[in-house]
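Q: Sequence order for the protein chains is F and G. Here the first sequence is numbered in our numbering, starting from 1 and rising by one per residue. Here the second sequence is numbered in our numbering, starting from 1 and rising by one per residue.
I should point out that these hints are in silico values taken from the structure, not numbers from a laboratory. Yeah, the Cβ is synthetic: ideal placement off N, Cα and C, and Gly gets one too. Please note that the accuracy of each hint is not assured.
Quick look at which bits of chain G chain F covers, simulated, 3 or more residues with Cβ under 8 Å [what the hints assert, rightly or not]: (1) 117-129; (2) 157-171.
In silico contact screen, one side only, chain G against chain F (beta carbon under 7 Å); selected entries [what the hints assert, rightly or not]: (3) A107; (4) V132; (5) R134.
2 protein chains.
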Amino acid sequence: MTARRLDGRELAASLRAQAALAVDAAAANGIAVRLAIVVATRDEGAAWYVRSLGSAAARLGIECQIADLGAAAAPGQIAAELARLSADPQVHGIVLQSPVPAGATAAELAEAIDPAKDVDGANPVSLGRLAVGRPAFAPATAQAVVRLLDCYEVQLSGRRAVVVGRSAVVGKPAAALLLARHATVTICHSRTPDLGAVTSQAEVLVVAAGRPGLIAAAHVRPGAVVVDAGTSAAADGSLVGDVDPAVEGVAGALSPVPGGLGPVTTAGLLLATTVAATKGDVGTVR
Amino acid sequence: MTARRLDGRELAASLRAQAALAVDAAAANGIAVRLAIVVATRDEGAAWYVRSLGSAAARLGIECQIADLGAAAAPGQIAAELARLSADPQVHGIVLQSPVPAGATAAELAEAIDPAKDVDGANPVSLGRLAVGRPAFAPATAQAVVRLLDCYEVQLSGRRAVVVGRSAVVGKPAAALLLARHATVTICHSRTPDLGAVTSQAEVLVVAAGRPGLIAAAHVRPGAVVVDAGTSAAADGSLVGDVDPAVEGVAGALSPVPGGLGPVTTAGLLLATTVAATKGDVGTVR
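Start from the sequences, fold in the hints, and give me the full structure.
A: Right under this line is the structure:
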């Protein structure tokens with residue numbers, strides 16, 4: 001058996017098409033959709049991501065402005081920049097690029113992002129609102145998990161879902177979204193003693209640990225749907241996920257890395273920016 | 001075997017003693033600790049709870065003011081009252097009593113509560129902050145779950161915890177707190193097909209479904225620690241939990257209803273109010 005491939009590229013194209021329509025609609029109303037990215041790191045992976053986000057935005061007609069504060073930026077300086085962008089009526093979406101300098105956490109700094117512009121769901125208020133079913137932007141990767149599952153018509157209600165990883169940007173919000181869709185949700189993490197015993201109970205398995213090869217074939221229930229949210233750089237510079245390739249022989253469906261969640265995440269973030277620009281209010285982006 | 005009884009009364013007394021010290025310290029600084037409760041219901045259980053909270057506060061020297069807006073209060077009126085109390089420097093803690101009138105949800109209205117005064121963790125921003133490890137007040141019942149487990153030195157790190165119920169006031173925040181303590185956490189709910197199959201995997205089982213007798217002996221792993229957060233009124237007016245009494249013969253430990261979580265919840269809410277009054281800032285209440 002070979003797992004069905006949960007390719008995200010077609011879904012991403014359809015999200016981009018929606019975003020392009022929204023950009024045109026905004027332009028007809030005299031609004032130039034604008035995304036601001038605040039960078040305070042010299043991390044190469046971050047730089048690569050910011051460049052690719054910028055060019056994806058440009059292709060859709062979304063203006064992308066980058067505020068590079070440098071890796072030595074003080075937390076107060078970053079928060080002040082986020083607050084300034086929040087108050088700027090020309091800016092519709094704000095992303096705080098990770099990692100942030102030592103001495104602050106992204107969640108703490110992101111409290112300075114207006115929730116109506118928090119298109120990557122980084123402000124804890126966005127996570128809290130999501131958790132209680134109030135309208136909010138979800139972190140783009142977590143939203144992409146549910147979008148990709150929906151695209152392939154994977155049933156969630158009543159299913160056992162296991163999320164590996166408890167980060168504020170993927171694991172926790174993905175768990176909240178799966179719970180809202182009536183899955184029975186388990187969150188595992190680095191302190192889970194027998195990870196395989198838990199993951200092998202999953203009908204839907206979402207892996208976001210950032211550890212290449214963490215999930216082997218023996219950890220997966222035959223026929224399970226597996227979404228790989230891992231993105232690590234391999235020695236040759238290529239992108240690798242958290243799921244061992246051998247899982248293909250066990251799972252019923254598996255999202256590839258690259259070409260799975262990644263394109264859906266980027267396209268979803270840009271779509272969220274157009275929602276922020278055209279509704280002028282926090283939207284529940286599905 | 002009979003389960004160890006996780007009695008909450010002694011713990012509650014120690015929390016009240018801490019609160020009384022804080023009230024005295026505040027008084028020495030000219031501060032009269034004050035809790036405001038906003039009521040917009042004619043529900044009898046709510047009225048009983050508000051009265052008992054008021055008298056418990058009075059015994060500690062905490063002033064308790066009740067804003068009874070009536071069951072016909074408009075959502076805007078409730079939110080305005082919460083905002084008014086948030087701006088009132090004489091008020092240190094604010095509780096929005098459930099249920100709220102149709103047409104609004106408690107989570108929506110509670111966004112009007114200043115997080116620094118949100119002693120019952122009702123504002124979604126408090127839940128979001130808790131989830132990402134930022135200082136915030138937790139909902140009193142969820143906080144009481146972890147306090148009671150700590151009091152009896154129940155290990156949480158690396159243990160499998162199952163929470164039954166996904167409410168914003170108990171299930172979700174209890175799951176967030178257990179996860180922060182490094183448990184592997186599963187949330188079950190009314191759409192979980194085979195509840196017993198999941199709950200019987202729990203080393204620590206927290207039940208907050210509001211359905212008397214939901215958890216039978218067969219649903220519990222032998223030796224498990226069971227915390228019963230259910231509080232329903234029986235036909236004779238007494239308080240009953242969600243856990244069948246027969247679970248005593250299977251569990252390693254069980255919190256009784258009444259006398260388990262209830263007293264810890266009330267005492268913890270009053271302690272949180274003194275924290276809000278004396279620190280003048282959001283505290284992480286453990």
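Q: Look at each hint and say if it fits the structure.
A: Tested hints:
1. 117-129: holds (count 7)
2. 157-171: It holds: at least three residues are needed, and the region 157-171 of chain G offers 5 whose Cβ sits within less than 8 Å of chain F.
3. A107: Constraint on A107(G) satisfied, holds at 4 Å.
4. V132: holds, 4 Å
5. R134: Holds, because the Cβ-Cβ distance from R134(G) to chain F comes to roughly 6 Å (cut-off 7 Å).
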